[in-house]
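Top line first, the protein sequences correspond to chains A, B, C, D, E and F.
Each residue of the first sequence is one higher than the one before, counting from 12 in this note's numbering.
Each residue of the second sequence is one higher than the one before, counting from 12 in this note's numbering.
Each residue of the third sequence is one higher than the one before, counting from 12 in this note's numbering.
Each residue of the fourth sequence is one higher than the one before, counting from 12 in this note's numbering.
Each residue of the fifth sequence is one higher than the one before, counting from 12 in this note's numbering.
Each residue of the sixth sequence is one higher than the one before, counting from 12 in this note's numbering.
For the record, the hints were derived by calculation from the structure and aren't laboratory data.
Any given hint could turn out to be false.
Repeated chains share a single entry, so a pair holds when one copy, or any two copies, can fit it.
Pairs of lysine to any residue residues, derived as SDA-like cross-links and limited to a Cα-Cα distance of at most 20 angstroms, are as follows [to be verified]:
| # | residue 1 | residue 2 |
| --- | --- | --- |
| 1 | K98 | G141 |
| 2 | K52 | G141 |
| 3 | K13 | Q90 |
| 4 | K167 | D81 |
| 5 | K13 | V128 |
| 6 | K143 | E107 |
| 7 | K143 | A48 |
| 8 | K73 | P18 |
| 9 | K167 | S82 |
Fair warning: this is a prediction, and the values are worked out from it, not measured in the lab.
Protein chains: 6
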Amino acid sequence: MKVAICPGTFDPVTNGHLDVIMRTARHFEKVIVAVAANAGKSPMFNLEERLAMLNECLADKKNIEVIDFDSLLVDVAHQYDSCAIVKGLRAMSDFEFEFQMAQFNRQMDENIETFFVMASPEYTYLSSSGIKEVVSYGGCIEGLLPNAVLKRLAEKFGKGKPSGKQGKE
Amino acid sequence: MKVAICPGTFDPVTNGHLDVIMRTARHFEKVIVAVAANAGKSPMFNLEERLAMLNECLADKKNIEVIDFDSLLVDVAHQYDSCAIVKGLRAMSDFEFEFQMAQFNRQMDENIETFFVMASPEYTYLSSSGIKEVVSYGGCIEGLLPNAVLKRLAEKFGKGKPSGKQGKE
Amino acid sequence: MKVAICPGTFDPVTNGHLDVIMRTARHFEKVIVAVAANAGKSPMFNLEERLAMLNECLADKKNIEVIDFDSLLVDVAHQYDSCAIVKGLRAMSDFEFEFQMAQFNRQMDENIETFFVMASPEYTYLSSSGIKEVVSYGGCIEGLLPNAVLKRLAEKFGKGKPSGKQGKE
Amino acid sequence: MKVAICPGTFDPVTNGHLDVIMRTARHFEKVIVAVAANAGKSPMFNLEERLAMLNECLADKKNIEVIDFDSLLVDVAHQYDSCAIVKGLRAMSDFEFEFQMAQFNRQMDENIETFFVMASPEYTYLSSSGIKEVVSYGGCIEGLLPNAVLKRLAEKFGKGKPSGKQGKE
Amino acid sequence: MKVAICPGTFDPVTNGHLDVIMRTARHFEKVIVAVAANAGKSPMFNLEERLAMLNECLADKKNIEVIDFDSLLVDVAHQYDSCAIVKGLRAMSDFEFEFQMAQFNRQMDENIETFFVMASPEYTYLSSSGIKEVVSYGGCIEGLLPNAVLKRLAEKFGKGKPSGKQGKE
Amino acid sequence: MKVAICPGTFDPVTNGHLDVIMRTARHFEKVIVAVAANAGKSPMFNLEERLAMLNECLADKKNIEVIDFDSLLVDVAHQYDSCAIVKGLRAMSDFEFEFQMAQFNRQMDENIETFFVMASPEYTYLSSSGIKEVVSYGGCIEGLLPNAVLKRLAEKFGKGKPSGKQGKE
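Sequences and hints are given; from them, build the entire structure.
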């Protein structure tokens with residue numbers, strides 16, 4: 012069975028992440044969404060929240076499983092008997108970092124291939140870090156975040172759910 | 012009346028920033044220089060200093076006003092009845108971040124357009140962060156900083172004004 | 012009166028071009044769409060066709076005028092009493108060429124500023140040259156070309172109008 | 012059965028191309044190497060030669076088939092019941108063109124996904140066009156071209172097989 | 012004796028090229044300016060003209076010699092007992108092509124190193140191809156071309172020497 | 012005597028750094044490897060360790076000296092009577108930062124030139140920061156780190172020397 016790993020910090024998951032995960036799920040029999048426990052210095056959401064949001068977004072997808080990891084990605088791949096990592100590329104700045112990581116993973120296990128898919132155009136400019144800056148000032152950006160995230164953002168920033176701009180159910 | 016917003020952290024303002032502000036002021040009736048209160052983790056100059064330096068540099072410009080903000084840029088634009096943000100682009104690395112921000116701002120209010128102008132060649136390699144590293148070691152780079160900044164840098168680093176290399180008055 | 016020039020070869024005009032032209036028309040009193048007579052070695056459409064398609068697309072826009080030119084862009088700017096060139100930037104590869112041109116134009120007349128606006132996300136990957144390759148093999152790409160172009164492409168390639176995929180009226 | 016298409020002009024095939032094709036063949040049940048009949052203005056090798064060299068290099072690979080095409084890539088994908096195109100990315104300059112093509116293909120058939128794999132480091136700087144310039148002056152670059160190509164280059168440029176620098180058998 | 016090769020097509024030589032050549036001449040005992048005989052499809056100046064302009068510009072430089080070549084650059088390096096090629100880098104788009112060439116040259120002779128120096132800021136946006144487009148329409152760009160070139164351009168385009176904008180003597 | 016400075020933080024030194032240092036040592040009579048005392052917020056190795064590892068790696072190189080510095084690089088150059096800084100460039104993301112630094116150094120002393128050499132292909136994707144992430148999870152990447160570093164990493168992470176994957180002696 013062909014298994015793909017979709018790794019990330021998902022702080023928080025965006026519609027751009029979901030787009031890549033869902034497209035991957037059409038081409039592989041199983042997709043493991045692997046959430047890095049360590050999300051850098053000051054994550055907006057803790058690991059439990061990040062897992063919960065992903066599980067909420069992907070609840071009805073039969074061949075997608077959400078896990079967390081705190082190890083090398085190749086170890087995750089071995090554990091799930093996968094030899095394919097799938098990542099979305101949005102822009103130039105992703106390119107070099109992702110290629111370095113892909114190269115490192117291949118050097119640790121040459122059977123593990125990283126496949127990149129291009130972000131859908133509407134998510135080209137979308138990043139978790141960018142969106143966090145906007146929401147920290149109360150901004151709401153239509154169509155970029157799933158409802159599971161919008162709901163938690165509203166709680167976190169002590170506001171009602173932003174009116175008139177609905178996320179993707 | 013056509014109003015343009017020139018946003019930034021200006022920590023400190025460089026001759027590259029002033030070049031973009033002044034060129035913008037030729038094309039718009041009024042320019043609002045909007046200084047982000049939050050300049051990241053460890054700014055070299057606090058908000059008051061950054062405002063003071065800009066005011067000193069732009070004192071004689073009738074159609075330029077310096078303000079600070081701690082909100083979404085689109086809120087600043089609405090407040091000043093502006094629908095144009097003008098930013099300088101120097102290099103590739105600016106490109107992606109700035110385009111993401113421009114895209115976010117358009118999604119929050121589609122009437123707000125971000126216009127980019129290219130940095131003048133002599134300022135292509137100039138960034139506030141780069142220049143801070145140099146001055147922290149006592150370096151002085153001719154022609155890149157206005158006198159209002161050079162003066163404060165000299166005070167901050169406990170030295171006399173760097174001799175023989177004058178800033179722009 | 013503030014006049015902007017939107018130059019290009021428009022071989023053919025795409026919805027991405029129209030998006031930039033229309034957004035420019037919101038910020039300037041008049042927009043001159045300037046079609047370069049010389050469209051490189053083997054244009055798909057001759058100058059008359061390119062002008063006709065633009066005129067068809069922009070027929071109901073009161074403050075937009077379509078002209079052709081076979082000279083320096085700064086001469087066009089002088090002729091129409093404009094000191095603003097507005098161009099769309101899609102991607103890195105546009106960046107360097109456009110900045111060189113902007114720099115040359117400023118060196119020839121320092122009052123002429125080139126303002127760049129970012130392509131809308133859905134047109135990020137869209138170029139006239141890319142689309143020509145696709146249509147030459149009979150491909151039809153939904154939502155990227157105006158009807159005025161789709162119609163002429165259908166004639167040129169001896170086919171009926173591509174069914175089921177309508178262009179923008 | 013999962014089928015991948017590896018398209019290109021292969022003028023000539025390099026060890027970099029073979030690396031991508033072979034890596035793809037580990038992850039898919041069948042790989043179709045699709046050679047574009049139209050290789051631009053002045054190909055070094057005609058279609059027959061390009062097909063012959065690829066067939067020679069891949070003769071013993073059971074799940075790889077070499078074909079030529081003169082149509083849209085999505086048509087090739089449909090014909091071979093494939094919904095995966097796999098391409099190697101070497102450098103920034105590949106990035107934008109390949110993303111545009113991937114986007115076009117998705118817009119023509121949203122089930123067709125383009126997967127990118129990174130070039131192996133030793134082939135990062137390798138391109139067919141670069142290598143053609145070198146060989147046209149009699150240069151020989153160790154380890155970059157398969158023997159099937161070296162042999163034909165030697166014939167074409169009227170020289171004996173470059174001594175001491177063996178290609179990959 | 013340390014000898015550096017500065018290769019190019021120089022169609023025509025710009026002040027940016029001269030800047031790189033002169034800076035190289037400070038660090039090496041001898042500089043060979045190597046003019047590629049083959050300047051692509053339709054050079055503006057033939058080989059004799061390109062050599063003449065360079066010789067005129069560099070007449071008083073004792074340690075700089077201008078030659079032409081129609082072979083591999085490593086052969087030129089061997090002939091002049093040089094193991095250093097020096098090139099100017101202006102922009103991203105130079106980067107990949109130049110790195111590929113440098114890599115090829117090192118693979119042909121690992122003792123030959125290519126050293127890159129950055130263009131001076133005022134020449135960042137300057138390219139021979141860009142400037143040719145401008146001059147073909149009668150444009151004159153101050154400070155970018157030496158007098159030896161301006162004179163020939165004036166002859167070629169049947170005009171008097173552009174007034175009021177002097178080149179570098 | 013021609014002296015080159017190879018500056019860096021070397022946290023830790025990689026085979027990519029050693030490659031650039033050794034190649035530089037072929038072209039200059041003396042090479043000063045200058046280790047920045049300040050290696051950012053949380054270096055993996057302190058200054059003494061970084062110096063010790065470099066000294067161990069370069070022990071038998073007669074014309075290479077390892078020093079540390081806590082000042083402007085141009086001051087180091089003056090102290091060692093050098094007017095050449097040599098740096099390796101791997102990727103686009105290095106490009107802009109390094110060019111800014113080179114430009115600053117030239118503005119402080121126009122006699123000081125920064126020469127860039129391209130990373131060898133096998134080290135294109137290699138960075139100290141990338142490798143630190145991998146080793147922090149117990150990963151071992153063959154051929155990228157010298158033994159002097161592997162030994163210390165094993166000590167630091169409380170493990171035996173990674174088996175079967177030897178560093179460069």
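Right, here's what the structure says about each hint:
no.: 1; hint: K98 to G141; verdict: both (19 angstroms within a copy, 18 angstroms between copies)
no.: 2; hint: K52 to G141; verdict: both (16 angstroms within a copy, 17 angstroms between copies)
no.: 3; hint: K13 to Q90; verdict: within (13 angstroms within a copy, 24 angstroms between copies)
no.: 4; hint: K167 to D81; verdict: between (26 angstroms within a copy, 19 angstroms between copies)
no.: 5; hint: K13 to V128; verdict: both (17 angstroms within a copy, 17 angstroms between copies)
no.: 6; hint: K143 to E107; verdict: between (23 angstroms within a copy, 17 angstroms between copies)
no.: 7; hint: K143 to A48; verdict: both (18 angstroms within a copy, 17 angstroms between copies)
no.: 8; hint: K73 to P18; verdict: within (18 angstroms within a copy, 33 angstroms between copies)
no.: 9; hint: K167 to S82; verdict: between (29 angstroms within a copy, 17 angstroms between copies)
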